[in-house]
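*Asks:* Given next are the chains, with one letter for each unit.
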Amino acid sequence: MNADNAEIIYDTIEKRLREPDFLPRNLFEKFNIEVLSTTDSASDKLEYHQIIKDSGWKGKVIPTFRPDAAVNLDKPNWKSEIDKLSEVVGETIDSFSKFINALEERRIFFKNMGAVATDHGVRSPFTYQLSKSEAEAIFQKALRGEVTESDAKLFTANMLMEFARMSIEDGLVMQIHPGSLRDHNNLIYEKFGTDKGCDIPEQTEYTNNLKELLNKYGNNSSLSIILFTLDESTYSRELAPLAGHYPALKLGPPWWFHDSIQGMIRYRQRVTETAGFFNTVGFNDDTRAFLSIPARHDVARRVDSNFLAGLVTKHIITFDEAKMLSKELAYNLVKKGYKL
Amino acid sequence: MNADNAEIIYDTIEKRLREPDFLPRNLFEKFNIEVLSTTDSASDKLEYHQIIKDSGWKGKVIPTFRPDAAVNLDKPNWKSEIDKLSEVVGETIDSFSKFINALEERRIFFKNMGAVATDHGVRSPFTYQLSKSEAEAIFQKALRGEVTESDAKLFTANMLMEFARMSIEDGLVMQIHPGSLRDHNNLIYEKFGTDKGCDIPEQTEYTNNLKELLNKYGNNSSLSIILFTLDESTYSRELAPLAGHYPALKLGPPWWFHDSIQGMIRYRQRVTETAGFFNTVGFNDDTRAFLSIPARHDVARRVDSNFLAGLVTKHIITFDEAKMLSKELAYNLVKKGYKL
Amino acid sequence: MNADNAEIIYDTIEKRLREPDFLPRNLFEKFNIEVLSTTDSASDKLEYHQIIKDSGWKGKVIPTFRPDAAVNLDKPNWKSEIDKLSEVVGETIDSFSKFINALEERRIFFKNMGAVATDHGVRSPFTYQLSKSEAEAIFQKALRGEVTESDAKLFTANMLMEFARMSIEDGLVMQIHPGSLRDHNNLIYEKFGTDKGCDIPEQTEYTNNLKELLNKYGNNSSLSIILFTLDESTYSRELAPLAGHYPALKLGPPWWFHDSIQGMIRYRQRVTETAGFFNTVGFNDDTRAFLSIPARHDVARRVDSNFLAGLVTKHIITFDEAKMLSKELAYNLVKKGYKL
Numbered sequence: 000m001n002a003d004n005a006e007i008i009y010d011t012i013e014k015r016l017r018e019p020d021f022l023p024r025n026l027f028e029k030f031n032i033e034v035l036s037t038t039d040s041a042s043d044k045l046e047y048h049q050i051i052k053d054s055g056w057k058g059k060v061i062p063t064f065r066p067d068a069a070v071n072l073d074k075p076n077w078k079s080e081i082d083k084l085s086e087v088v089g090e091t092i093d094s095f096s097k098f099i100n101a102l103e104e105r106r107i108f109f110k111n112m113g114a115v116a117t118d119h120g121v122r123s124p125f126t127y128q129l130s131k132s133e134a135e136a137i138f139q140k141a142l143r144g145e146v147t148e149s150d151a152k153l154f155t156a157n158m159l160m161e162f163a164r165m166s167i168e169d170g171l172v173m174q175i176h177p178g179s180l181r182d183h184n185n186l187i188y189e190k191f192g193t194d195k196g197c198d199i200p201e202q203t204e205y206t207n208n209l210k211e212l213l214n215k216y217g218n219n220s221s222l223s224i225i226l227f228t229l230d231e232s233t234y235s236r237e238l239a240p241l242a243g244h245y246p247a248l249k250l251g252p253p254w255w256f257h258d259s260i261q262g263m264i265r266y267r268q269r270v271t272e273t274a275g276f277f278n279t280v281g282f283n284d285d286t287r288a289f290l291s292i293p294a295r296h297d298v299a300r301r302v303d304s305n306f307l308a309g310l311v312t313k314h315i316i317t318f319d320e321a322k323m324l325s326k327e328l329a330y331n332l333v334k335k336g337y338k339l
Numbered sequence: 000m001n002a003d004n005a006e007i008i009y010d011t012i013e014k015r016l017r018e019p020d021f022l023p024r025n026l027f028e029k030f031n032i033e034v035l036s037t038t039d040s041a042s043d044k045l046e047y048h049q050i051i052k053d054s055g056w057k058g059k060v061i062p063t064f065r066p067d068a069a070v071n072l073d074k075p076n077w078k079s080e081i082d083k084l085s086e087v088v089g090e091t092i093d094s095f096s097k098f099i100n101a102l103e104e105r106r107i108f109f110k111n112m113g114a115v116a117t118d119h120g121v122r123s124p125f126t127y128q129l130s131k132s133e134a135e136a137i138f139q140k141a142l143r144g145e146v147t148e149s150d151a152k153l154f155t156a157n158m159l160m161e162f163a164r165m166s167i168e169d170g171l172v173m174q175i176h177p178g179s180l181r182d183h184n185n186l187i188y189e190k191f192g193t194d195k196g197c198d199i200p201e202q203t204e205y206t207n208n209l210k211e212l213l214n215k216y217g218n219n220s221s222l223s224i225i226l227f228t229l230d231e232s233t234y235s236r237e238l239a240p241l242a243g244h245y246p247a248l249k250l251g252p253p254w255w256f257h258d259s260i261q262g263m264i265r266y267r268q269r270v271t272e273t274a275g276f277f278n279t280v281g282f283n284d285d286t287r288a289f290l291s292i293p294a295r296h297d298v299a300r301r302v303d304s305n306f307l308a309g310l311v312t313k314h315i316i317t318f319d320e321a322k323m324l325s326k327e328l329a330y331n332l333v334k335k336g337y338k339l
Numbered sequence: 000m001n002a003d004n005a006e007i008i009y010d011t012i013e014k015r016l017r018e019p020d021f022l023p024r025n026l027f028e029k030f031n032i033e034v035l036s037t038t039d040s041a042s043d044k045l046e047y048h049q050i051i052k053d054s055g056w057k058g059k060v061i062p063t064f065r066p067d068a069a070v071n072l073d074k075p076n077w078k079s080e081i082d083k084l085s086e087v088v089g090e091t092i093d094s095f096s097k098f099i100n101a102l103e104e105r106r107i108f109f110k111n112m113g114a115v116a117t118d119h120g121v122r123s124p125f126t127y128q129l130s131k132s133e134a135e136a137i138f139q140k141a142l143r144g145e146v147t148e149s150d151a152k153l154f155t156a157n158m159l160m161e162f163a164r165m166s167i168e169d170g171l172v173m174q175i176h177p178g179s180l181r182d183h184n185n186l187i188y189e190k191f192g193t194d195k196g197c198d199i200p201e202q203t204e205y206t207n208n209l210k211e212l213l214n215k216y217g218n219n220s221s222l223s224i225i226l227f228t229l230d231e232s233t234y235s236r237e238l239a240p241l242a243g244h245y246p247a248l249k250l251g252p253p254w255w256f257h258d259s260i261q262g263m264i265r266y267r268q269r270v271t272e273t274a275g276f277f278n279t280v281g282f283n284d285d286t287r288a289f290l291s292i293p294a295r296h297d298v299a300r301r302v303d304s305n306f307l308a309g310l311v312t313k314h315i316i317t318f319d320e321a322k323m324l325s326k327e328l329a330y331n332l333v334k335k336g337y338k339l
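Residue numbers (numbering that gives the first Met the number 0), protein chains in the order written: chain A, 0 to 339; chain B, 0 to 339; chain C, 0 to 339.
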């Protein structure tokens with residue numbers, strides 16, 4: 000691509016996107032997608048999900064409960080998210096207990112709309128159980144606009160504990176995506192807003208940060224936590240040992256920058272010998288690029304098949320086991336992992 | 000294995016273990032084990048070692064001096080270990096200098112019973128030289144049950160300095176196994192006690208933490224420290240440069256979670272170009288699973304042979320050098336490293 | 000090499016080094032070196048560079064502006080470097096603004112002597128913009144010999160900001176070499192002085208540390224920062240995402256301990272999928288071992304060619320693209336990166 004061919008490429012793409020077989024629902028069917036999940040804030044009314052339901056179309060598009068905006072006390076849009084949440088539950092959220100009630104109510108609504116999972120984008124996977132009165136005190140400070148960075152950090156740590164408890168109660172799978180320093184480039188942030196591709200990973204610590212949560216809920220096999228990382232040094236050091244030990248914990252596939260050939264190879268090489276295959280959830284695609292979905296699954300299946308073939312040639316597994324595992328990694332594990 | 004075949008598998012194993020050729024001493028001989036080392040607390044009377052000696056059996060089973068229980072001031076069983084230590088040296092240990100004397104005396108006893116090495120399981124490899132009066136003050140606080148976490152950390156850091164000094168004096172090889180957060184899962188700890196497989200690795204820092212020890216003793220080639228890690232990111236960044244530089248320091252083989260095919264490959268790939276082969280100690284097995292010993296050595300030898308073969312095909316070493324090195328890695332280096 | 004052949008090897012080398020074809024300039028020409036850069040302190044008069052210029056010899060040997068000694072307030076030789084700097088600019092440097100003026104003047108002198116780049120060896124890549132009065136206050140404390148470790152750290156962080164600004168103004172490429180704990184072994188330091196091969200890498204953090212600098216200058220494509228690391232865990236986690244995002248940032252080749260076959264392989268495997276090839280600067284050699292230069296370039300070219308060949312056999316790039324890229328990696332990118 001260069002200045003000479005930019006216009007013709009743009010025009011070709013635009014024309015193509017208007018053709019019937021490139022409309023989203025037709026692509027969805029052509030791609031043979033069984034389930035597609037969106038992520039939606041806690042206050043989202045999911046009206047577009049309702050429209051799909053009402054349309055009679057058979058494609059399965061389900062919401063995912065992602066309450067980050069309601070949890071991040073120190074973000075500028077927190078108060079407005081609380082207002083939206085108040086509106087949607089029909090009650091002014093002026094206390095921590097009302098906040099918790101509202102979230103629990105929204106989860107049930109999401110579940111009724113087809114959701115199978117929640118998603119939590121946290122900078123650090125720090126977990127910590129606050130007492131009710133401590134949580135209430137921080138919440139009141141936040142309502143008064145007096146919250147500190149340390150308050151916000153403790154509150155998020157406590158909310159991960161709360162969300163794990165809720166997941167045990169309502170059965171929603173709990174995904175945690177930590178370790179990204181969001182909006183690294185202020186210029187882009189100020190011009191275009193948040194989540195514009197300027198997020199840079201940072202060192203992430205799991206062994207100590209998740210201890211409180213895993214000690215309280217990690218032995219409960221009715222909980223299912225799917226954990227992701229952007230810090231590959233944690234695969235063999237922390238994540239595989241943790242997933243190998245705690246019944247509630249499974250590892251998500253290589254994520255974001257590591258959703259790539261070498262990234263997938265490193266993942267299997269570093270995770271498998273300690274955590275095996277069945278403490279992972281196979282491949283699920285996490286993208287805004289709808290058109291890339293088939294290629295991403297194709298890459299994951301090829302890399303995993305190649306990894307399994309290597310184990311067969313070394314006589315570590317049999318060819319029959321490899322065939323069984325390839326189906327698990329490509330299809331069964333992700334269905335089981337997300338209770339689909 | 001499943002519910003259907005569990006009983007028959009259990010019965011088969013139990014029956015097999017009662018057959019004469021599956022008795023420990025017969026397996027020891029069948030496995031062609033030259034030396035097996037146990038790890039024993041500082042207060043251990045080594046009576047079972049004496050029984051083996053007295054039995055006339057020719058198998059070489061030797062103790063290793065592992066004084067962690069006497070060093071960890073903030074562990075609940077510290078005081079009882081000091082009592083046992085007092086009993087075994089026949090003097091009440093009520094001062095730091097008596098504590099040091101007792102440890103020195105026990106090391107001589109262990110050495111007389113065949114020990115060639117000590118072993119130190121520390122959470123962090125932090126080393127720090129306390130003055131005698133500082134160490135004494137912390138020791139007295141511990142006796143009064145008033146020790147803080149920070150006291151305990153400093154005390155352990157100081158004891159690594161003391162143990163290095165003792166190793167120079169009595170010639171025992173000093174092994175350091177850092178970086179495991181022990182008893183991560185409280186449920187298991189409370190039900191079954193310590194060291195029940197719920198230990199999770201954490202980030203480990205060597206460059207700054209070992210500086211004090213290596214500056215005081217690292218240039219002394221009569222000291223031999225064998226260093227292990229659970230944090231593979233330190234292989235190329237810290238451990239290989241340190242082992243390449245300090246005469247007293249050698250690297251132990253890939254440990255625990257990394258005692259595996261991919262773990263061994265990563266170890267050689269990341270360590271060799273900076274530290275070479277002769278700053279490592281070949282393969283020694285660290286396991287509670289007696290029956291797994293031959294398989295573990297077999298895996299290590301195959302992986303190392305494969306690594307050497309790769310160097311031969313790339314003309315980095317000759318075939319003759321590879322043959323010499325394969326014997327070093329499988330046999331000679333570990334004998335030399337542990338002064339066997 | 001051993002005690003028996005030491006003398007004959009030494010004598011052979013010494014004799015060889017006296018032969019005409021082993022004189023530095025003849026080797027330079029035989030090696031077909033286009034450019035060789037030295038690194039020189041800010042106060043250096045570059046008289047040897049002038050001698051080369053005056054000699055009529057056609058070899059291109061250029062200086063690099065490396066002002067570490069003038070920046071490290073807490074090093075024992077800082078004051079004497081300021082004195083030398085005062086002498087060479089003909090004015091007593093008794094204020095921060097005079098210090099900045101002197102550095103700017105020296106950069107122009109270096110540039111006129113052929114320099115294309117600066118080099119900054121910092122323990123941590125921490126960047127922070129001090130106000131003029133804050134910087135002045137710390138500078139005055141340093142002149143009075145009252146500077147603290149924290150002052151020195153802030154001052155260095157601020158100087159990286161200043162040097163980035165200067166690079167935008169005078170066009171010199173800015174190299175940053177962080178993450179080495181210098182003079183780890185005091186025995187060697189006290190006997191032989193600084194930079195004697197006793198430097199050990201440590202964990203290095205880029206995402207947060209470089210945020211201030213990259214936010215102020217990273218979107219300015221007239222700035223060119225070439226960043227190095229000794230912490231390979233940052234390749235995929237921090238460096239590739241940062242270099243992929245900020246126009247001003249490029250990644251230097253694998254450095255020091257990682258300037259090796261496996262080190263180069265890890266670099267390409269971990270960097271390429273996120274940062275591509277054109278956010279790196281190909282291979283440039285960083286050595287005191289003049290005779291090793293051809294071998295080092297040969298290794299880099301073979302490893303990169305092998306990496307490209309792997310991409311061709313997997314049909315990720317075409318053979319023609321590989322040929323184009325191999326020339327970029329071996330030659331073009333480094334020329335472009337250093338504006339040669």
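Hints in this document: simulated from the structure, not taken from any laboratory.
Given the structure is predicted, the values throughout are model-derived calculations rather than measurements.
Just to be clear, a hint being listed does not mean it is correct.
For identical chains, the list gives no copy identity; a pair is met inside one copy or between any two copies.
As the list claims (entries may be wrong) - Calculated cross-link-like contacts (lysine to any residue; reagent style SDA-like; alpha-carbon spacing at most 25 Å): (1) Lys210 / Arg122; (2) Lys215 / Asn185; (3) Lys78 / Thr286; (4) Lys152 / Asn207; (5) Lys190 / Thr317; (6) Lys313 / Val298; (7) Lys326 / Asp93; (8) Lys210 / Ala5.
*Asks:* If the cutoff is 25 Å on CA atoms, where do Lys190 and Thr317 land: within, between, both or neither? Let me know, please.
*Replies:* Classified as neither: same-chain Cα gap 55 Å, cross-chain 38 Å, threshold 25 Å.
*Asks:* At most 25 Å between CA atoms: does that hold for Lys313 and Val298 within a copy, between copies, both, or neither?
*Replies:* Both. Shortest intra-copy (23 Å) and inter-copy (12 Å) distances satisfy the 25 Å Cα cut-off.
*Asks:* Quick one: Lys210 to Ala5, C-alpha cut-off 25 Å, is that within a copy, between copies, both, or neither?
*Replies:* Classified as neither: same-chain Cα gap 52 Å, cross-chain 33 Å, threshold 25 Å.
*Asks:* Is it within, between, both, or neither for Lys326 and Asp93, if the alpha carbons may be no more than 25 Å apart?
*Replies:* neither (49 Å within a copy, 65 Å between copies)
*Asks:* If the cutoff is 25 Å on CA atoms, where do Lys78 and Thr286 land: within, between, both or neither? Let me know, please.
*Replies:* For Lys78 and Thr286, the Cα distance exceeds 25 Å both inside one copy (28 Å) and across copies (55 Å).
*Asks:* Using 25 Å as the alpha carbon limit, work out where Lys215 and Asn185 are close: within a copy, between copies, both or neither.
*Replies:* between (38 Å within a copy, 9 Å between copies)
*Asks:* Check Lys210 against Arg122 for me: Cα-Cα at most 25 Å, and say if that holds within a copy, between copies, both or neither.
*Replies:* both (17 Å within a copy, 16 Å between copies)
*Asks:* For Lys152 vs Asn207, is the C-alpha pair at or below 25 Å within one copy, between two copies, both, or neither?
*Replies:* both (15 Å within a copy, 17 Å between copies)
Going down the numbered hints, you'll see the structure goes against 3, 5, 7, 8, while the others check out.
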